[in-house]
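Make a model of the complete structure from these sequences and hints.
When we follow full-length UniProt numbering, the leftmost residue of the sequence shown carries the number 1, and every step to the right adds one.
No lab work stands behind these hints: they were computed from the structure. Some hints could be false.
Using C-beta positions, here's what the derived DEER-type ranges look like [to be verified]:
id, residue 1, residue 2, range
1, 877, 800, 17 to 25 Å
2, 633, 717, 17 to 25 Å
3, 838, 880, 12 to 20 Å
4, 880, 86, 46 to 54 Å
5, 527, 815, 39 to 47 Å
6, 276, 714, 47 to 55 Å
7, 487, 585, 30 to 38 Å
8, 1009, 1088, 15 to 23 Å
9, 622, 714, 17 to 25 Å
10, 86, 528, 43 to 51 Å
11, 381, 810, 50 to 58 Å
Listed next, the in silico EDC-like pairs over lysine to aspartate or glutamate satisfying Cα-Cα at most 16 Å (straight line) [as the list claims (entries may be wrong)]:
id, residue 1, residue 2
12, 905, 942
13, 452, 483
14, 532, 466
15, 855, 942
16, 259, 304
17, 573, 524
18, 1065, 1026
19, 303, 823
20, 274, 304
21, 111, 59
22, 256, 684
23, 452, 495
24, 636, 582
25, 618, 692
26, 452, 422
27, 256, 824
28, 618, 677
29, 551, 596
30, 529, 466
Bear in mind that the values here come from a model prediction, so they are computed numbers and not experimental data. All C-beta atoms, glycine included, are put in the ideal place defined by N, C-alpha and C.
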Amino acid sequence: MSFIEQETALALKSLLSSLKHTDNEIRMKAEASLHEQWIAHEPEILLVGLAEQVNMSEDSSLRSFAVILLRRISFRPISLGNDAKETMVWNMLSQDGAKKVQSLLLESFTKENDENVRHKIADTISEVAHTLYEENVAWPELLYILSQCTKSMNPGQRESTFRIFASIPEILKKEDTNMIKQVFQLSLQDDDIKVRLSSLKALSSLFTSSNSDSHELVSLLPLMLNVFPPLLQSHDGDSFTSALTSLIELAEIYPKIFKPYFGTVVQFFVESLKNRDLGNSARQSSLEFLVTFSEGAPGMCRKDENYAKSVIYECLSFMTEVGMEEGDKLDEWLETDDLDFAESELNHIVGEQAMDRLARKLGGKILLPIAFQWLPSLISSQNWHQRHASLMAISAIAEGCEKIMKAELGRVLDMVLPLLKDTHPRVRWAACNAIGQMSTDFAKTMQKNFHKQVLSALIPVLEAPEPRVQAHAAAALVNFCEEADNKVLEPYLDDILNRLLYLLKNQKRYVQEQAITTIATVADAAEKKFIKYYDSIMPLLINILNQAKQKEYKLLRGKAIECVTLIAIAVGKEKFSSNSNEIIQTLGSIQSTITEPDDLQSSYLIAAWGRICKVMGKDFIPYMGAIMPPLLHSAKLKPDFTVLDDDDNHEKYLEEDGWEFISVQGQQIGIKTSALEEKCIAIEMLLCYAIELKAAFEPYVEEILTDIVIPGLRFYFHDGVRSASIKAVPQLLSCIKEAHSENNSKLISIWDTLLDKIINLINTESAIDVLTELYQCLYESIDVVGNNCLSPEKMDTFITSSESQLQDYISRVQKRYHDHQTDEANLEDEDVASAIVLDDDLLSEMSKTFHIIFKRHRLSFLPHWERLLPYLDEFANNQHDANARQWAICVMDDLIEFTGPDAWKYKDHFLKPLSNGIIDDSPGVRQAAAYGIGVAGQYGGEPFSMICSASLPHLFRCFERPDSRSEDHIYATENICCAIAKILRFNSSKISEIDKAIELWVKTLPVTHDEEDAPYAYAFLVELIERNHVAVVSQPALVIDAIAQALESEILQGHILDRILNSSKIFCRKLSQEQINMIISNMPLERQQVMASYFS
1 MSFIEQETAL ALKSLLSSLK HTDNEIRMKA EASLHEQWIA HEPEILLVGL AEQVNMSEDS
61 SLRSFAVILL RRISFRPISL GNDAKETMVW NMLSQDGAKK VQSLLLESFT KENDENVRHK
121 IADTISEVAH TLYEENVAWP ELLYILSQCT KSMNPGQRES TFRIFASIPE ILKKEDTNMI
181 KQVFQLSLQD DDIKVRLSSL KALSSLFTSS NSDSHELVSL LPLMLNVFPP LLQSHDGDSF
241 TSALTSLIEL AEIYPKIFKP YFGTVVQFFV ESLKNRDLGN SARQSSLEFL VTFSEGAPGM
301 CRKDENYAKS VIYECLSFMT EVGMEEGDKL DEWLETDDLD FAESELNHIV GEQAMDRLAR
361 KLGGKILLPI AFQWLPSLIS SQNWHQRHAS LMAISAIAEG CEKIMKAELG RVLDMVLPLL
421 KDTHPRVRWA ACNAIGQMST DFAKTMQKNF HKQVLSALIP VLEAPEPRVQ AHAAAALVNF
481 CEEADNKVLE PYLDDILNRL LYLLKNQKRY VQEQAITTIA TVADAAEKKF IKYYDSIMPL
541 LINILNQAKQ KEYKLLRGKA IECVTLIAIA VGKEKFSSNS NEIIQTLGSI QSTITEPDDL
601 QSSYLIAAWG RICKVMGKDF IPYMGAIMPP LLHSAKLKPD FTVLDDDDNH EKYLEEDGWE
661 FISVQGQQIG IKTSALEEKC IAIEMLLCYA IELKAAFEPY VEEILTDIVI PGLRFYFHDG
721 VRSASIKAVP QLLSCIKEAH SENNSKLISI WDTLLDKIIN LINTESAIDV LTELYQCLYE
781 SIDVVGNNCL SPEKMDTFIT SSESQLQDYI SRVQKRYHDH QTDEANLEDE DVASAIVLDD
841 DLLSEMSKTF HIIFKRHRLS FLPHWERLLP YLDEFANNQH DANARQWAIC VMDDLIEFTG
901 PDAWKYKDHF LKPLSNGIID DSPGVRQAAA YGIGVAGQYG GEPFSMICSA SLPHLFRCFE
961 RPDSRSEDHI YATENICCAI AKILRFNSSK ISEIDKAIEL WVKTLPVTHD EEDAPYAYAF
1021 LVELIERNHV AVVSQPALVI DAIAQALESE ILQGHILDRI LNSSKIFCRK LSQEQINMII
1081 SNMPLERQQV MASYFS
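As structure tokens, then:
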């Protein structure tokens, strides 16, 4: 029986035929009719009619097209008018109309024999069911029909039934568990492989959609795993991969449900990934499945005696397949210009990525001993594939094994560096890759300790006969130079830059592009030492800017724009001035030729103008009128979205640069990320102009705040946009303050608006890195706006928000501690270590916020601050978390520093943490405690005099630690030295033998690292010299050496430097020349030279 009139049914059938027509004109008329007539005026008749065609048409292609159209039209958002809200066509149906469509779909499903059409019907039923489920509308007939279909004699119908269960597992959650278990027990052992696969996916979907890994159906897991052996035996790689995809999703969410069978799982899937007859896709899926466990249950993996050894070996085996899948076509590899060619599906890349993930999760203690059972033999192999694999393995594991590998870095480099001269170009390329990766992962250590070995081996590779190797050597130099001191680079600059200039003449454009990038990085690192090369390099770059006008040269030109302006920053305003006008005119000319919104030169120009402003300062103001309009346009860009069905052709979006897609409920959600990157760079440059131009930038501030920065605070599509917007707030406030008086009405009005938004965000923000930036934004803004800029109500709201975030912090720390105790988390795990660093940074910025509020509000902050005392007490007594103890003491330090004697009433909260903190094993805690005792001496007055006196023996005892001057402990030690100086200088009334204490204090010098506290120590030393105190007169060698080390470290600046130099000269005049010569001769040569430069 038909629900629509025959005439209407015929019209609809004709419409469907026209929509499929090959004639464009006929098809376009049909599409117009569909939208303007059927959807706009007769949506219910349309959907019911389509469902009838699916149910009644004898033409399978028409049934297929009808059900596709039914799904697309029903669930795609449409707008029926200019002012109308978007709605789904499905929601326009009456209850009766919806019931008719549901009934027809179920009937069609039960009788459809064409597999392709039945699958499309199943997908449409799933979509309808999902929509009804979301709206809490019952569809009782669905589960009844599906239950019957699981028993159908037609295996295709059984398969499609589980396809629906996989798509909408929610319909099973309220059903009897035993009934569900019986259904899956049968289906997982079905005679038909397609039914078993579909059943496996459905059960995996049911598991992954649940909220707990203690699901009552977990006993079915062995049956799920038993699906795989027959597939392996029959070498059915496609089915194996399809089934394993579902199991991988399950392992990602609930890895521990595999624990009872883990040993068997490891053994079976290791065998699977070894089996080349299974095909690469299935082998790669097997490896992915095994590596997934390391990320979700690293403790379980570490405890299994075979897991690490087997999986690491197979990763290395995969990596030795480099080149084999491409037929070892070396010429093709050498000649290609497409260096971005996606190789991610090749086995050797999959193996590298797996090794990287294993290293991050298992850590160096587990992975390195196993990997280095094979790496030495691989790296010395006669087979180039194995040498390549060994180098790429070192690249892959370096970051995850950084702590342990750093201790053996010299030995690792001894393995890697000789292969920069390997006979095979792909091995040399891999050696460059390893050097580049290690330069980043072992930053500072590699540059400081191994620069001679590395650069003397790497620089000659820039002259390799193969362009790809040349370019990769130049790329490795980028990584090395980014973390190198200019003093380290200086001896090598001639060799590096001569070769890079030669590479600029290479016929391969990608070599030229990389050479320019490397020149820019070298200039950035070399700073003023690059002036020597400016006159020979800058004209070449300007020539590229003027000549490289063709479309294919836009990236080369963009990199030249970047390089020119980075060189400008390196050499400074004076040197850059000789070319500044020419370069500005050239860049302006390039900007005027940009007409396409996606021209990549735009982003390079946006950043370039910011750098030029940084170099020229106020001299850049005349150019702002031309630069700001396009910059503001970029900063105001809105996110560009598209929503596509899985069946839609979205090749045009994939082909166009900058689109990224995620799959959500059968649809592809796309966002154009390239536009967001441009927006981010633009806001970062606005921030740069605000910092550099201050008051001159004020005319733009209100528009930037209103249209860009305030919306950007909640711009959740791009983290960089949010970060730049948050950082811009205090700088824009500073522009207003510089342009007007401190308390002008405009500043206060804008501040009130911003303050509410920042505090509200602090209250709700869950991303720890963003939260940290919000606290920094708040305290920097408070410092800009000035004293008493927070009302009592705002302080109260802020404390409430901070209490909430402290509670969340406590929960995170407790979970990490519990996971560590139960071996579920390794503190060396990169993700865990990163999370700890993020939380440490959060506490630090939160503490700085309290510091600035105290600084700007003094005693008026106390009533609100008191609410933090329970947290401070808890943190101060936390024996498992040194960072928590340090944080609590730092907050107490601020209390003492800014409230002075009034802080004494809180003594029961801070005396014990301070006294315990001085002897704490953590240098950070000792440093915080020392600072607290120092400010107690400086600002605490009489109430603190006894505690200051009593603390001296404990403070002096800290210098007896054998590690007191080591890298990890030096700041704590120097803080203690300065704390003693503050007590002796400001609060010595209760010290019985002060001259003896001062004599001991002189022995605690020098202070060469702590820039903040060093002036206090040396100001006290100056006073002692001026007073001709016995403690300095009796120890001239100690005094002069302490001053020499301070000068050598360049820790003293300005007024205190002048005072220490004058006092030193007076002090030295009282000594004989023989005494002075003896003291100087005992110093290292570099220190003697420093002394000569100041006193000759």
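Hint by hint, here is what the structure shows:
no. : hint                    : verdict
1   : 877 - 800: 17 to 25 Å   : 24 Å, holds
2   : 633 - 717: 17 to 25 Å   : 18 Å, holds
3   : 838 - 880: 12 to 20 Å   : 18 Å, holds
4   : 880 - 86: 46 to 54 Å    : 52 Å, holds
5   : 527 - 815: 39 to 47 Å   : 45 Å, holds
6   : 276 - 714: 47 to 55 Å   : 52 Å, holds
7   : 487 - 585: 30 to 38 Å   : 36 Å, holds
8   : 1009 - 1088: 15 to 23 Å : 21 Å, holds
9   : 622 - 714: 17 to 25 Å   : 35 Å, violated
10  : 86 - 528: 43 to 51 Å    : 59 Å, violated
11  : 381 - 810: 50 to 58 Å   : 53 Å, holds
12  : 905 - 942               : 13 Å, holds
13  : 452 - 483               : 15 Å, holds
14  : 532 - 466               : 30 Å, violated
15  : 855 - 942               : 22 Å, violated
16  : 259 - 304               : 10 Å, holds
17  : 573 - 524               : 14 Å, holds
18  : 1065 - 1026             : 11 Å, holds
19  : 303 - 823               : 9 Å, holds
20  : 274 - 304               : 20 Å, violated
21  : 111 - 59                : 14 Å, holds
22  : 256 - 684               : 44 Å, violated
23  : 452 - 495               : 13 Å, holds
24  : 636 - 582               : 30 Å, violated
25  : 618 - 692               : 8 Å, holds
26  : 452 - 422               : 20 Å, violated
27  : 256 - 824               : 10 Å, holds
28  : 618 - 677               : 28 Å, violated
29  : 551 - 596               : 11 Å, holds
30  : 529 - 466               : 31 Å, violated
When the structure is compared with the earlier hints, violations turn up for hints 9, 10, 14, 15, 20, 22, 24, 26, 28, 30 and for no others.
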